[in-house]
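**Q** These protein sequences, in sequence, are chains R and X. Residue numbers are given in UniProt numbering: position 4 of the first sequence equals residue 4, and the series is strictly consecutive. Residue numbers are given in UniProt numbering: position 79 of the second sequence equals residue 79, and the series is strictly consecutive.
I should point out that these hints are in silico values taken from the structure, not numbers from a laboratory. Even for Gly, the Cβ is constructed at its ideal location relative to N, Cα and C. Certain hints may be false.
What the hints assert, rightly or not - Taking CB as the label site, the calculated pair distances span:
| id | chain 1 | residue 1 | chain 2 | residue 2 | range |
| --- | --- | --- | --- | --- | --- |
| 1 | R | A2 | X | R124 | 21 to 29 Å |
| 2 | R | K32 | X | G89 | 37 to 45 Å |
| 3 | X | P83 | R | G97 | 45 to 53 Å |
| 4 | X | L45 | R | G38 | 37 to 45 Å |
| 5 | R | S68 | X | R7 | 42 to 50 Å |
| 6 | R | G61 | X | D18 | 14 to 22 Å |
| 7 | R | R67 | X | E128 | 37 to 45 Å |
| 8 | R | P50 | X | R7 | 33 to 41 Å |
| 9 | X | G140 | R | A51 | 20 to 28 Å |
| 10 | X | G105 | R | S48 | 14 to 22 Å |
| 11 | X | G105 | R | K11 | 22 to 30 Å |
| 12 | R | K32 | X | R137 | 16 to 24 Å |
| 13 | R | K32 | X | G140 | 13 to 21 Å |
To be verified - Lysine-lysine pairs mimicking DSS-like chemistry, simulated, CA-CA at most 30 Å apart:
| id | chain 1 | residue 1 | chain 2 | residue 2 |
| --- | --- | --- | --- | --- |
| 14 | X | K69 | R | K11 |
| 15 | R | K36 | R | K89 |
| 16 | R | K73 | R | K11 |
| 17 | X | K73 | X | K15 |
| 18 | R | K32 | X | K15 |
| 19 | R | K7 | R | K73 |
| 20 | R | K7 | R | K36 |
| 21 | X | K69 | R | K73 |
| 22 | R | K89 | R | K32 |
For reference, the chains in residue letters:
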Amino acid sequence: MATMNGKDIRKLVVACDAGMGSSVMLASTLRKQLGKTGVTVEHTPVNSIPADADVVVCHSGLAARARSVAPDKPIVPFQIFLGDPAVNKVVKAIQQGTDFNV
Amino acid sequence: MSELLERRAIRLAEKAADRDEAIRRCGETLVEVGAVEPGYVDTMLARERSISTYVGEGVAIPHGTLGGKELVKRDALAVLRFPEGVDWGGEPVTLCVGIAAAGDGHVELLAALAEILLDEDQARELREATDPGTVIRLLGKIQEDSE
Numbered sequence: 001m002a003t004m005n006g007k008d009i010r011k012l013v014v015a016c017d018a019g020m021g022s023s024v025m026l027a028s029t030l031r032k033q034l035g036k037t038g039v040t041v042e043h044t045p046v047n048s049i050p051a052d053a054d055v056v057v058c059h060s061g062l063a064a065r066a067r068s069v070a071p072d073k074p075i076v077p078f079q080i081f082l083g084d085p086a087v088n089k090v091v092k093a094i095q096q097g098t099d100f101n102v
Numbered sequence: 001m002s003e004l005l006e007r008r009a010i011r012l013a014e015k016a017a018d019r020d021e022a023i024r025r026c027g028e029t030l031v032e033v034g035a036v037e038p039g040y041v042d043t044m045l046a047r048e049r050s051i052s053t054y055v056g057e058g059v060a061i062p063h064g065t066l067g068g069k070e071l072v073k074r075d076a077l078a079v080l081r082f083p084e085g086v087d088w089g090g091e092p093v094t095l096c097v098g099i100a101a102a103g104d105g106h107v108e109l110l111a112a113l114a115e116i117l118l119d120e121d122q123a124r125e126l127r128e129a130t131d132p133g134t135v136i137r138l139l140g141k142i143q144e145d146s147e
């Protein structure tokens, strides 16, 4: 468990297996929510998480794979594709520039 | 949108005994409209077994795995409604949006779907649609709004 501040996030990556379904939906929702903050939101397959990602959001079933691919990145696992509390917490921290735990 | 979501890929009175059958029906529809090779259907089942594609509001978006992408001939969606509902690992699903995507052609339509699902009234309208025109209107209208 580490603490991160929303202000330190410039790129948020939604990682998934194929990058064609639910992660696309989540990324588009986050893009809308974070539009005004200037944070970049990308969706990528879990095995190609970009090096400049500040935080990685992925389904809890993929968290272990995400950690092995990007051991140095903060990973936020979620269970629900729309409206997950863990994801909402990150959004709020980015919007308000506050701390959150990963 | 017409090429991505063809009217013949909108089937609103489907029946399936279980989740696997519902996914097969979605996959077969994508095969029938020429979007994927038949082998894609198995990758849709494999994906569902690893992580559910249930997204909330009685809607699931079955699609293939990363490996399945090479079986995609063109980006396309299929909308199948199961009025009697399908048990989706404990969640009741009435609407499936089957996805075939090798590129990003479908991204806007999925963004529209996300918007709809975040609005209870629109989510219900989509779930209860019996006319393909309603599905096209709902998914198309928001796209225009967001541009």
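**Q** A separate judgement is required for each hint: does it hold in the structure or not?
**A** For each hint, the structure was consulted:
no.: 1; hint: A2(R) to R124(X): 21 to 29 Å; in the structure: 41 Å, violated
no.: 2; hint: K32(R) to G89(X): 37 to 45 Å; in the structure: 28 Å, violated
no.: 3; hint: P83(X) to G97(R): 45 to 53 Å; in the structure: 47 Å, holds
no.: 4; hint: L45(X) to G38(R): 37 to 45 Å; in the structure: 40 Å, holds
no.: 5; hint: S68(R) to R7(X): 42 to 50 Å; in the structure: 44 Å, holds
no.: 6; hint: G61(R) to D18(X): 14 to 22 Å; in the structure: 21 Å, holds
no.: 7; hint: R67(R) to E128(X): 37 to 45 Å; in the structure: 41 Å, holds
no.: 8; hint: P50(R) to R7(X): 33 to 41 Å; in the structure: 38 Å, holds
no.: 9; hint: G140(X) to A51(R): 20 to 28 Å; in the structure: 38 Å, violated
no.: 10; hint: G105(X) to S48(R): 14 to 22 Å; in the structure: 20 Å, holds
no.: 11; hint: G105(X) to K11(R): 22 to 30 Å; in the structure: 24 Å, holds
no.: 12; hint: K32(R) to R137(X): 16 to 24 Å; in the structure: 21 Å, holds
no.: 13; hint: K32(R) to G140(X): 13 to 21 Å; in the structure: 18 Å, holds
no.: 14; hint: K69(X) to K11(R); in the structure: 26 Å, holds
no.: 15; hint: K36(R) to K89(R); in the structure: 17 Å, holds
no.: 16; hint: K73(R) to K11(R); in the structure: 12 Å, holds
no.: 17; hint: K73(X) to K15(X); in the structure: 27 Å, holds
no.: 18; hint: K32(R) to K15(X); in the structure: 35 Å, violated
no.: 19; hint: K7(R) to K73(R); in the structure: 16 Å, holds
no.: 20; hint: K7(R) to K36(R); in the structure: 13 Å, holds
no.: 21; hint: K69(X) to K73(R); in the structure: 27 Å, holds
no.: 22; hint: K89(R) to K32(R); in the structure: 16 Å, holds
This entry does not satisfy hints 1, 2, 9, 18, going by the numbered hints stated previously.
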